[in-house]
Amino acid sequence: MESQDAIFLTARDMADPAERAAYLTQACGNDADLRQRVEAMLRDAAGADEFFGPEGTVVGAASPTEGPGTVIGRFKLLEKIGEGGCGVVYMALNKE
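Residue numbers (my numbering): 1 to 96.
Check the hints yourself; a few may be wrong.
To be verified - Distance ranges between label pairs, derived from CB positions: (1) ALA15 <-> ASN94: 50 to 56 Å; (2) PHE52 <-> ALA6: 22 to 28 Å; (3) ASP49 <-> MET1: 23 to 29 Å.
Hints are computed from structural coordinates only; laboratory data are not their basis. Beta carbons are placed, not taken as given, at the ideal position from N, Cα and C, and that holds for glycine.
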């Protein structure tokens, strides 16, 4: 019998509910507890997908509009000097 995680991963990739149900019946056999655990994992995964959105996107995040020439308060952005997981770093001119 496949592991709980293997069954979950295979079922998660099935878009057709009938195909998924048939697979779970075959993979879990008579183990009702295993089936309940896998179905709970699938529900949790679906909820996470709704919350986080498609891969590579941040729900509610705006596209950055800042760039060289943009004025933010007393600073004028001159050039991008780096970027990472938390943002972008610009060289800026303090206009004061």
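Hints, verified against the model:
1. ALA15 <-> ASN94: 50 to 56 Å: With a Cβ separation near 54 Å, ALA15 and ASN94 satisfy 50 to 56 Å, so the hint holds.
2. PHE52 <-> ALA6: 22 to 28 Å: Holds, at about 23 Å.
3. ASP49 <-> MET1: 23 to 29 Å: The hint (23 to 29 Å, Cβ to Cβ) holds, given that ASP49 and MET1 are roughly 27 Å apart.
Hint compliance for this structure: every hint is met.
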